[in-house]
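Protein chains in written order, with the numbering used here: chain A, 1 to 473; chain B, 474 to 946.
In short, the hints are calculated from the structure, not lab data.
Hints should not be assumed to be uniformly reliable.
Result set (BS3-like, lysine-lysine): computed pairs, CA atoms no more than 30 angstroms apart in a straight line [to be verified]:
| # | chain 1 | residue 1 | chain 2 | residue 2 |
| --- | --- | --- | --- | --- |
| 1 | B | K621 | A | K7 |
| 2 | A | K7 | B | K645 |
| 3 | A | K335 | A | K288 |
Pulled from the structure, derived: some chain B residues nowhere near chain A, Cβ distances all over 12 angstroms [what the hints assert, rightly or not]:
| # | residue |
| --- | --- |
| 4 | H578 |
| 5 | E792 |
| 6 | R827 |
| 7 | C829 |
| 8 | I860 |
| 9 | P861 |
Quick reminder that beta carbons are idealized off the backbone N, C-alpha and C, glycines included.
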Amino acid sequence: MTTTSFKFLIFFPIVVLAYYIIPKRYRQIWLLVASYYFYMSWDVKYGLVLLAVTTVTWSGAILMEWLDGHVTEDRRRDSLKKLCVAALGAAVFGALFCCKYIVFVAGISFYTLQSFGYIMDVYHGKAQAERNFLRYALFLSFFPTVVSGPIERSTTLLRQFRYKERTAFRMENVKQGLCMMLWGYFLKLVLAERIAIFVNAVYDQNRGGLYAIVATMLYAVQIYCDFAGYSTLAMGAGKVLGYSLTENFDAPYLAPTVSEFWRRWHRSLTGWFRDYIYIPLGGNRKGKIRKYMNIMIVFLISGIWHGDGWKYLIWGGLNGFYQMAGDVLMPLRKKLARGFGMDRIGKVHRVLQIVATFVLIDITWIFFRAESTGRALRMIRGMITEFRISVLWDGSLYTFGIGQTEFIFLLLAIVLLAVVDYLHYHRRYVLDLMKNWHWTVRTCLCACMLMSVIIFGVYGVNYDVGTFIYFAF
Amino acid sequence: MMWVHSFISLFKRAALFVTVVAVVIETMNYLYVDDTDEFARYMLHELYEEDDNIDRLYLGSSHVFCGIDPLILDHINGENNFNLSTGTQQLITSYYLLKEADKKHEIDRVYLDLYYNCTAAGLGNLHDYQSIPYSWIVLHQMKPSINKLSYMLNLSNPEYYYLTFLAFTRYKEKLFDLDYVSTVVNAKQSEIWKNYEYRHVARVDDREYVMQNGEKGFRIYHGTPEYGGFYRTDQEAPLSENPITPESLEYLQKIVEYCKEHEIALTWIGCPISDYQLVRNGAYDNFVRQVSELAKEYDIPYYDFNLCRREYLDLSRKEYWADMGHLNTEGADVFTQFLGDFLLAEEAGEDTYRECFYDSYKEKIRDSQEAIYGLEITKFSDYERCIPGISEEEKDEYVIYKVRPVTNVGIEKVEVSIRVTRDDAAESEVKAVLYREGIDTYVAFLRQENGTLYAEAKLKSSSVTTNWAEVEF
Numbered sequence: 001m002t003t004t005s006f007k008f009l010i011f012f013p014i015v016v017l018a019y020y021i022i023p024k025r026y027r028q029i030w031l032l033v034a035s036y037y038f039y040m041s042w043d044v045k046y047g048l049v050l051l052a053v054t055t056v057t058w059s060g061a062i063l064m065e066w067l068d069g070h071v072t073e074d075r076r077r078d079s080l081k082k083l084c085v086a087a088l089g090a091a092v093f094g095a096l097f098c099c100k101y102i103v104f105v106a107g108i109s110f111y112t113l114q115s116f117g118y119i120m121d122v123y124h125g126k127a128q129a130e131r132n133f134l135r136y137a138l139f140l141s142f143f144p145t146v147v148s149g150p151i152e153r154s155t156t157l158l159r160q161f162r163y164k165e166r167t168a169f170r171m172e173n174v175k176q177g178l179c180m181m182l183w184g185y186f187l188k189l190v191l192a193e194r195i196a197i198f199v200n201a202v203y204d205q206n207r208g209g210l211y212a213i214v215a216t217m218l219y220a221v222q223i224y225c226d227f228a229g230y231s232t233l234a235m236g237a238g239k240v241l242g243y244s245l246t247e248n249f250d251a252p253y254l255a256p257t258v259s260e261f262w263r264r265w266h267r268s269l270t271g272w273f274r275d276y277i278y279i280p281l282g283g284n285r286k287g288k289i290r291k292y293m294n295i296m297i298v299f300l301i302s303g304i305w306h307g308d309g310w311k312y313l314i315w316g317g318l319n320g321f322y323q324m325a326g327d328v329l330m331p332l333r334k335k336l337a338r339g340f341g342m343d344r345i346g347k348v349h350r351v352l353q354i355v356a357t358f359v360l361i362d363i364t365w366i367f368f369r370a371e372s373t374g375r376a377l378r379m380i381r382g383m384i385t386e387f388r389i390s391v392l393w394d395g396s397l398y399t400f401g402i403g404q405t406e407f408i409f410l411l412l413a414i415v416l417l418a419v420v421d422y423l424h425y426h427r428r429y430v431l432d433l434m435k436n437w438h439w440t441v442r443t444c445l446c447a448c449m450l451m452s453v454i455i456f457g458v459y460g461v462n463y464d465v466g467t468f469i470y471f472a473f
Numbered sequence: 474m475m476w477v478h479s480f481i482s483l484f485k486r487a488a489l490f491v492t493v494v495a496v497v498i499e500t501m502n503y504l505y506v507d508d509t510d511e512f513a514r515y516m517l518h519e520l521y522e523e524d525d526n527i528d529r530l531y532l533g534s535s536h537v538f539c540g541i542d543p544l545i546l547d548h549i550n551g552e553n554n555f556n557l558s559t560g561t562q563q564l565i566t567s568y569y570l571l572k573e574a575d576k577k578h579e580i581d582r583v584y585l586d587l588y589y590n591c592t593a594a595g596l597g598n599l600h601d602y603q604s605i606p607y608s609w610i611v612l613h614q615m616k617p618s619i620n621k622l623s624y625m626l627n628l629s630n631p632e633y634y635y636l637t638f639l640a641f642t643r644y645k646e647k648l649f650d651l652d653y654v655s656t657v658v659n660a661k662q663s664e665i666w667k668n669y670e671y672r673h674v675a676r677v678d679d680r681e682y683v684m685q686n687g688e689k690g691f692r693i694y695h696g697t698p699e700y701g702g703f704y705r706t707d708q709e710a711p712l713s714e715n716p717i718t719p720e721s722l723e724y725l726q727k728i729v730e731y732c733k734e735h736e737i738a739l740t741w742i743g744c745p746i747s748d749y750q751l752v753r754n755g756a757y758d759n760f761v762r763q764v765s766e767l768a769k770e771y772d773i774p775y776y777d778f779n780l781c782r783r784e785y786l787d788l789s790r791k792e793y794w795a796d797m798g799h800l801n802t803e804g805a806d807v808f809t810q811f812l813g814d815f816l817l818a819e820e821a822g823e824d825t826y827r828e829c830f831y832d833s834y835k836e837k838i839r840d841s842q843e844a845i846y847g848l849e850i851t852k853f854s855d856y857e858r859c860i861p862g863i864s865e866e867e868k869d870e871y872v873i874y875k876v877r878p879v880t881n882v883g884i885e886k887v888e889v890s891i892r893v894t895r896d897d898a899a900e901s902e903v904k905a906v907l908y909r910e911g912i913d914t915y916v917a918f919l920r921q922e923n924g925t926l927y928a929e930a931k932l933k934s935s936s937v938t939t940n941w942a943e944v945e946f
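Take these sequences, add in the hints, and give me the full structure.
Written as structure tokens, this is what we have:
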């Protein structure tokens, strides 16, 4: 069952209705049952893997806390706790390796990181070990996040599960959550799935020139809408149930530098890498060389986390390289900007920076999307050698599954996305803005949004709605 | 009082939301749902507008609305007859249309046509995706009611509900086709559509087939078969031993029970289908036997007019037929007159028609005079049989057609001749390989050539060619 499937449209209202009807003390147990049902609807065996990871990490965290209380000698206690973390790390990442590269288990990449993050938080004393096994099980299996994140922290989601008043019914939560879910469906079904038709056609046919350039630019939007769509859906579903999840995306394509892009893209994963890999490795505290090494290590690990091909390693390496180069060339870039008088026209400079960052990120997406590294390189070569500007007006652009009218519609939808992201970037959230509008306008807007997803969404019998791209990771 | 205020506020919002959604749905349906050529629209409108009580109701598929003229029956039995047949009417549709008509009228008698095409595997698998579009056509014209809702819910698996409840979503492929929208809107702006008139003109070569509304659900169909008799280019599998599907049986039983509950006299009938269609299938008796057994089980009178002796009802003249499954107006006059007299005599308990029926269709055909009913020209894939020793590569170069005369006599009495011409100006003959086996003639020619395959068949005893057809390749 995916969140875009018909089954989910039946499953979710049932879960929500039952959740608010049953007494408060049973609500989280009900959520746990629903979450396991949701997860095991792919494969019953997945549930066993999740249960094993849950049991091992829950016990490990309690053991660490027990050591804190019972081993008085500091060195011995630290050694034992380190041993504990190492053993748990080996178990969790061993499971991740086996279930990612040998036998695929959906969601394993997400909840293993979440569980290890919890272990590290307990180890560092940032969080208390959760005594209630069912609550911890819900923390790892919560159905909006279990398959593709956001990778939640014990200090956020687990803490919310501890407060019973969170489970109280609030109409505002339901309304906001449903609006978020609608936007998530819009991103996934109207934008991502429609763009996928064009991108798949161009990439499958190994087309070069402007076709490949347009397809790659659109792929950047597709992967954003696909993943942000899922994350927004998850946030909305969580909100309806009374829980706030981490916002995974923060207008990433409006970032003026690659390093800022990574602070805005897949924030829960980036934050995890920062807190549990980059900072423990020394972060930027041990000199420039170590800082660059640490950045490179983090992005290479991120590449490996995404998949086992060279293309993912190159994708991660390129992103690491961009950040290093950006840092090294910073003085030169500032000089150049001053030389061209760019510093006096800040807005133009900023737009140029955003465009440049988008282009750089697009290059990395070619490796991410192509079947293999070889194909990606051929595609890049083809972009230059087969470049013909006439493609823009000779109509051939509309022969990849999307006609001219649909293409125009697609561009308008992307403009809408850009406007929403622009507001978001400036911390003006549409949902907050809507609160100031008259209720009739708000209601009409929501109804139109729902209908636009139904009318313009790419789904149903004649279309094979792909699963979310990040399900594969 | 606070909760009253909240409730009113919520109610207002919900009402506005539903209104906006309903307006958008209606607008989309108007723009995209093309019912401008649907006979069901006219027929159901007439049903809803019928003020006089309907005494006798006729249910079935298109060969019923082409074959039974209620005005003639009114004249014969002096009651109000109404033909509530629709194109490819499956038993689920018959059941719900019966209930729809019975809401307003006190129906005394129902004549339900049982057609193997709508009850056997294929269209008889009522809930399959391929079967439900015929119901959508009817549903779209039904007025909102509990009966309609029940029909919608029972029609298909839940995964297709969106197509059933939101008619415009069936036209997703046309979403950005503005020419299509313009055509539909223009047609709906016409007086014909607004006044619920029906006129459909099909042009095949230089011939014109005109269909228009008669009265009380009768469709006037002018025209005679194209070429020298009937011919088909599609394959049809012979009926199985017990061809009626479980889903069809379920609704047949529901119709029987409904009629018993509401004291409606139910009669099963088999409206005339051409001998070409029944002989070509070869196993019509399997259907007749199963329906006869069911009729005995439920104690329902069953009259299959395809088993009528020709001295009572002779529809063998091609001039009576518009195509192989539909009588034209001339044929409908003859059949309706017979049907009216027959039913009246049966109701009166007269034995005028005691000897009217054969026990089986096979018997009827055996007793019929020697004839060729038409031709079947289908693509054939057993290359080895026609061109022994043909290589795999050569198979791609050839196309093979099988020409079979549909007849009640053996090969020794039939003469089939074939001519294959190329489409160029000279109309030169194509070099074709001919292979004969039994009654079948196989014609193989090079795939790269375009032209016409012309086939003729006649009885050797006759000096006149009775059947001919041509297929473009």
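Right, here's what the structure says about each hint:
1. Distance restraint check for B/K621 and A/K7: the Cα-Cα separation of roughly 24 angstroms lies within the 30 angstroms cut-off, and the hinted pair is therefore satisfied.
2. Between A/K7 and B/K645 the alpha-carbon distance is near 21 angstroms, which keeps this suggested pair within the 30 angstroms criterion.
3. Between A/K335 and A/K288 the CA atoms are separated by roughly 21 angstroms; this keeps the pair inside 30 angstroms, and the hint holds.
4. Distance check on B/H578: its Cβ is at least 37 angstroms (rounded) from any Cβ of chain A, clearing the 12 angstroms threshold; non-interface status holds.
5. At roughly 42 angstroms, the least C-beta separation between B/E792 and chain A is larger than 12 angstroms, which holds for a residue marked as non-interface.
6. Remark: the non-interface label on B/R827 is consistent with the geometry, its nearest Cβ contact in chain A lying 52 angstroms away (cut-off 12 angstroms).
7. No beta-carbon of chain A is positioned within 12 angstroms of the beta-carbon of B/C829; the least distance is around 47 angstroms.
8. Here B/I860 stays apart from chain A, with its beta-carbon at least about 36 angstroms from theirs, past the 12 angstroms limit.
9. A cut-off of 12 angstroms between C-beta atoms confirms that B/P861 is not in contact with chain A; the least separation is 40 angstroms.
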